[in-house]
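Trainee: Chain by chain, the residues run as shown.
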Amino acid sequence: MKIEIKNVSKKFKNNLVLDKVNLTFTTGHIYGLKGRNGSGKSVFLKILAGLYIPSEGEVLFDNKKFNPKKEYPPNMRALIENPTFFANMTGYENLKLLAKIQGKISDKEILEALELVNLISEKDKKYNKYSLGMKQKLGIAQVFMENPEILILDEVFNGLEENTVLKLKDYLKEIKKEKIIIITSHQKEDLELLCDKIYFFDNGVVKDEE
Amino acid sequence: MKNKLKNLKGQINDIGNFVGFKRIGIVIFLTFLSVIPNVYSTSSPNIWNSLFELGINHVHIIFLIAIISYNVICMAEATKNSNFLIRYAGYKNYLKDQIKKILIIIFLVFIFSLFFEILLHIIFRGWDFNFLDIKIYEMPIIVYLLFYYLRFYLFLSLIIILIYFLYQIGGKILAYIVLLLVIFSFSLDIYTKTVNSLFEIPLLLTNYFQFVNYSNFFLEITASFLQFYILIGIMFLLKYILMNKKENIL
Chain A
1 MKIEIKNVSK KFKNNLVLDK VNLTFTTGHI YGLKGRNGSG KSVFLKILAG LYIPSEGEVL
61 FDNKKFNPKK EYPPNMRALI ENPTFFANMT GYENLKLLAK IQGKISDKEI LEALELVNLI
121 SEKDKKYNKY SLGMKQKLGI AQVFMENPEI LILDEVFNGL EENTVLKLKD YLKEIKKEKI
181 IIITSHQKED LELLCDKIYF FDNGVVKDEE
Chain B
211 MKNKLKNLKG QINDIGNFVG FKRIGIVIFL TFLSVIPNVY STSSPNIWNS LFELGINHVH
271 IIFLIAIISY NVICMAEATK NSNFLIRYAG YKNYLKDQIK KILIIIFLVF IFSLFFEILL
331 HIIFRGWDFN FLDIKIYEMP IIVYLLFYYL RFYLFLSLII ILIYFLYQIG GKILAYIVLL
391 LVIFSFSLDI YTKTVNSLFE IPLLLTNYFQ FVNYSNFFLE ITASFLQFYI LIGIMFLLKY
451 ILMNKKENIL
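Sequence order for the protein chains is A and B.
The end of the first sequence is residue 210 by the numbering used here, with every number in the run present.
The end of the second sequence is residue 460 by the numbering used here, with every number in the run present.
Any given hint could be a false lead.
Claimed, not checked - Okay, derived cross-link-like pairs now, SDA-like style, lysine to any residue, Cα gap no bigger than 20 angstroms in a straight line:
1) A:Lys100 / B:Lys302
2) B:Lys403 / B:Ala433
3) A:Lys96 / B:Arg297
4) B:Lys311 / A:Ile120
5) A:Lys100 / B:Ile222
6) A:Lys70 / B:Arg297
7) B:Lys290 / A:Ile120
8) A:Lys96 / B:Asn217
9) B:Lys290 / A:Asn88
10) A:Lys104 / B:Lys216
11) B:Lys403 / B:Tyr386
12) A:Lys167 / A:Ile120
13) A:Lys100 / B:Lys214
14) A:Lys11 / B:Leu460
15) A:Lys104 / B:Gly220
Unchecked claim - One side only, chain A facing chain B, incomplete, derived with CB under 10 angstroms:
16) Tyr52
17) Ile53
18) Gly57
19) Thr84
20) Met89
21) Tyr92
22) Gln102
Worth flagging that the hints you see were computed from the coordinates, not collected in a lab.
In this text, all values refer to a predicted model and were calculated from it rather than measured experimentally.
Quick reminder that beta carbons are idealized off the backbone N, C-alpha and C, glycines included.
Generate coordinates for the entire structure from the input sequences, incorporating the hints supplied.
Mentor: If you want it as structure tokens, here you go:
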């Protein structure tokens, strides 16, 4: 799989958030996106996920352009900004509801994803009783559970305890061979230890850092 | 059939999750309350006549539109996020799935309202199920009721879907403004003229939620079809705008 971002710009009224971004992502790599708040990282990820439409330029998946109004890029899962779940349902029920949309996986995969993020013991707790870190874990679990080919993880390690962070880092390294993983993080060390390539976002302009 | 029922049960369960089971209980309770005034104000002890009066009771209709629209907007808000959206094959599929659920919500509220009307009528007014004595267009009232309630369900569904599309195009405020305008239109004058030709057919949507005197049944069917196509036309236009506007999905 190859994702090519060609001359992508994004404007909100007169505010240019992304300026002619050109990037390529290929299978087998973990990519890191770095930059201060408001540098355009999340907007870029939303364009990649098909949730924002670029003002200019195009995004190609294996040389194919997708019109997100009609077709989302296949086999992609994302954790972008704060994930939204149903407050009146348990963590497990929330994942089950999401899994039902495509109907590709069974309870086993859902439980494995919860286990991976160390949330299995809290799976029957209502979402509105979850702490910030637990909410983040559930957001990560919904990304992993269907074994997607493209993983978008925005500020993935936010609010997580050390042992979960280490477990996730190991897991990401283990699965990267068959996937494209794109991560953003405020922690420089997280990206440097984990990523094969890091891009630096500065006022909508992307610089190759390594 | 068994699979279809299972599928429907699953869809109802999803709706319950999207809008909240507690809120669905409240909706059913409010539907029950909205039927009570009609049972008291109905002029006839006949059940079919009472059902007909419910179908033209504007307070009841306003309630149905308001409560269903509110819940549909809540469902749309709850599912319009990256977790949900990118799991569908495309935005179009997401909309299709939502519309399916909207039609089920409307159907449930509609069926509950009829059920409560029949139940309360039997309790407070007695057991008069005779449909042969009351005739509309020289046919038994039950035949006209079937036509009237089919049209009622179709038009109600189209109004709610239009409001839903407006929410997707312009957001919550636009949807609520249009909802208020629809509600306001029910307070406009009732059409009292007899319709004798196609040139006299009422154009205001609310006239199809009341009894308008047509010179014959065929003319009423024709007028209903025209209104139906107008609504379908608006719906496709809104869908076209939604699918082609160059703005973000989220």
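Trainee: Next pair to validate is A:Lys100 with B:Lys302; report whether the Cα-Cα distance is within 20 angstroms.
Mentor: Holds, at about 18 angstroms.
Trainee: CA of A:Lys167 to CA of A:Ile120, is that 20 angstroms or under?
Mentor: holds (14 angstroms)
Trainee: Would the hint linking A:Lys104 and B:Gly220 be met if the CA-CA limit is 20 angstroms?
Mentor: holds (16 angstroms)
Trainee: Do the alpha carbons of A:Lys11 and B:Leu460 lie within 20 angstroms of each other, as the hint requires?
Mentor: holds (15 angstroms)
Trainee: If you take the shortest Cβ to Cβ gap from A:Gly57 to chain B, is it below 10 angstroms?
Mentor: Result: violated, 13 angstroms to nearest chain B Cβ.
Trainee: Please verify that hint: A:Met89, Cβ, nearest Cβ of chain B, below 10 angstroms or not.
Mentor: holds (6 angstroms)
Trainee: How about A:Tyr52: closest beta carbon in chain B under 10 angstroms, or not?
Mentor: OK, holds: A:Tyr52 within 10 angstroms of chain B, min 4 angstroms.
Trainee: Taking 20 angstroms as the top limit, are the C-alpha atoms of A:Lys96 and B:Asn217 close enough?
Mentor: Holds - the C-alpha atoms of B:Asn217 and A:Lys96 are around 16 angstroms apart, at most 20 angstroms.
Trainee: Are the Cα positions of B:Lys290 and A:Asn88 separated by 20 angstroms at most?
Mentor: holds (17 angstroms)
Trainee: Within a Cα-Cα threshold of 20 angstroms, do B:Lys403 and B:Ala433 meet the stated pairing?
Mentor: Holds, because 14 angstroms separates the two Cα atoms, which is no more than 20 angstroms.
Trainee: Would the hint linking A:Lys104 and B:Lys216 be met if the CA-CA limit is 20 angstroms?
Mentor: holds (18 angstroms)
Trainee: Can we keep the A:Tyr92 interface hint, with Cβ of chain B closer than 10 angstroms?
Mentor: Interface hint status for A:Tyr92: violated (13 angstroms vs cutoff 10 angstroms).
Against the hints set out earlier in the document, violations occur for numbers 4, 7, 11, 18, 21.
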